Amino acid sequence: MSHGNHQGTGDPTSPRRISRTLLAVVGTAIVSGSWWLWHKPESNNKATPVSAKDSDQADASFVPAVNLNAEFVGTESCAECHAGECESFAKTGHSRSLSGVNAALEPADGEFHHSESGRHYRVYRDGETLRHMESIRNEQGDEVVLADHPVSMVVGSGNHARTYLVESDGFYMESPLTWYASKNAWAISPGFEVNNPGFSRAIYVECFFCHSGQVEAVEGNRGRIQIHEHAVNCERCHGPGSAHVEFHREQEGNAGKYVATIVNPGKLSRARNEAICAQCHLHGDAEVDVQGKSLVDFKPGAALSEYQLHYSLQSEDASMSIVGHVEQLRRSQCYQQNESMSCITCHDPHSKPAPEDRVEYYRAKCVACHTNEACKMPRNARLAKSAQDDCVSCHMPSTASDIPHFVATHHRIAVYGRDNEMVTPTGVGTLVPLDGLSTLSQTQQDRYLGLAYLDRSLKEDIPASSTAYRQRAQTILNKLADDGVWDTEMGAALAQIYQRQDPLRSKRFAERVLQSEGLTPQVRIKALFALSESHIAARQTGLAIPVLEQLTQLRHQAGDWYFLAACRYHEKDLDGAVDAGEIAVAIRPDQPNFHALLAELYLKTGREELAKHHQQLSVQLTQLQKSVQQEAKQ
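Sequential numbering from 2 applies to the sequence shown in this note's numbering.
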């Protein structure tokens, strides 16, 4: 690319030169696939309504107090009568799932180098403010700061890790710096090890849902969040409490017999009891939201499958991926042979055993059903391995997780070594629903499956596997479309699928979707994204601009702003191009092509010092990327 290089022939501001510049920006990105990467869409999908899963069909009598009109009241209201439970719950990890940052209570300042990206990270205090900094070293060895953010919130109890959020233009972004308890040190955040996104990973309402007490999207925008209560609270398991509070205040403590004014998980059927935990602890290989609903709409006492369907990958040898705790537990003989066993059989949501009592606490859960004699390992051998005769260490061993420096307890209770199924399928698998779908028509099942394969393709790290899953989604959804089946989620999915291979067809799907009313934010984003790419592929930059402008209001991705800057430049709106280019660089200051474009824009608008600064950064970052790639090959 020629951004910032004005030595040589020709007027860099000529229409022909500007056109070449834009085509270099856009054309290279589309050909290389980076346009797809910059705009990689969120993978949450909507589909048609679905009844409760098969195992829930007999649950109607087990759903007390699912009051759709009840409202959230907050932990303080609960504590008026349930002080003991609230006090013990405050000692659990759930009660510290999300909080504001108090610099005095955070781990000590520190720094580390991330060799895979060549970037350096530092944690420091500026007065009472905790800050996270990202930098590189230039050829002279001087520090060049790329980003320096005050930290807004901390995610996680600290039992295993603490991850941090920063704010950017009203959006929350995940910091690349995480504190790991096992290492007692700062290191790169989970998922940032390869293709480190810096401070550009936006956190949407779906992420907050599982880490907070009560949040909502502002005016339907998934990226702009209003937090009503930070940490996971009572009502995440018991449901909205307003009806319960009002009833007991009216009774003034003389309610008499039990009246179901709030959800008691212990009185639910196993399926619906389990759904309360599964809303966050079931991690399928693909998920599809139900039309008109999403996981954030889930209320305790309902069936999870009324809000979201989950799928697992099965390989040719019939081995299944077993990732989440809920799915692992379901594969246990203990669970399969005892219809009353659920998460709360072993876990008391209101309290956590002290570290010195942990082994005995969980051992007592096991021996409530199993005798000492039932264990095939001689007692002397067990005691030699664990002086406390720890059942969990053998039958629920710790395993490596996808989180660096962290091991997880495997929740499939088994005799490992004899019937170990902790095997991850390799290659391209087949998606199998974890929910019973017998109440759905074949058309509905096919629609869900097609959307699930697209969701899987967007999560897949292996390019060949991602392509294979996307092709399956394309085949299934195309057949439905040929049969006259249509809805906006399906149309947005097809627009996504055809973005790279057939921009014109993608455009037709996207335009049809955007002409519809009542679009969810996810569907609108997918359609706008596809439409913007089709306009750019056709060199219709004037048409792309308003589409990209809408997109930038709905999500916070550097690629949207980068291409908006390029399109405005092509349409000779230099001031608008500079504005968009500056935002792109602010979100992803590690990208050399972003700095190169901004350098050219600054030069065109007479800001030569700024142009020189960003041109130098572009060169330094390009050299750094080459150096990192060379080191990776060695």
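Keep in mind that the hints were calculated from the coordinates and are not lab data.
Each hint should be verified, as a subset may be incorrect.
Below 27 Å or equal to it, Euclidean Cα-Cα: the simulated DSS-like pairs (lysine-lysine) are [what the hints assert, rightly or not]:
| hint | residue 1 | residue 2 |
| --- | --- | --- |
| 1 | K268 | K300 |
| 2 | K366 | K184 |
| 3 | K268 | K294 |
| 4 | K184 | K300 |
| 5 | K92 | K184 |
| 6 | K268 | K353 |
| 7 | K353 | K366 |
| 8 | K366 | K377 |
| 9 | K573 | K634 |
| 10 | K353 | K92 |
| 11 | K377 | K92 |
A quick note: this is a predicted structure, and the numbers were derived from the prediction, not measured.
Hints, verified against the model:
1. K268 x K300: holds (15 Å)
2. K366 x K184: Not satisfied, since the Cα-Cα distance of roughly 31 Å exceeds 27 Å.
3. K268 x K294: Holds: K268 and K294 sit about 25 Å apart, inside 27 Å.
4. K184 x K300: violated (37 Å)
5. K92 x K184: Judged against 27 Å, a Cα distance of about 23 Å means the pair holds.
6. K268 x K353: holds (22 Å)
7. K353 x K366: Roughly 14 Å separates the two Cα atoms, so the pair holds.
8. K366 x K377: holds (18 Å)
9. K573 x K634: violated (42 Å)
10. K353 x K92: holds (7 Å)
11. K377 x K92: violated (37 Å)
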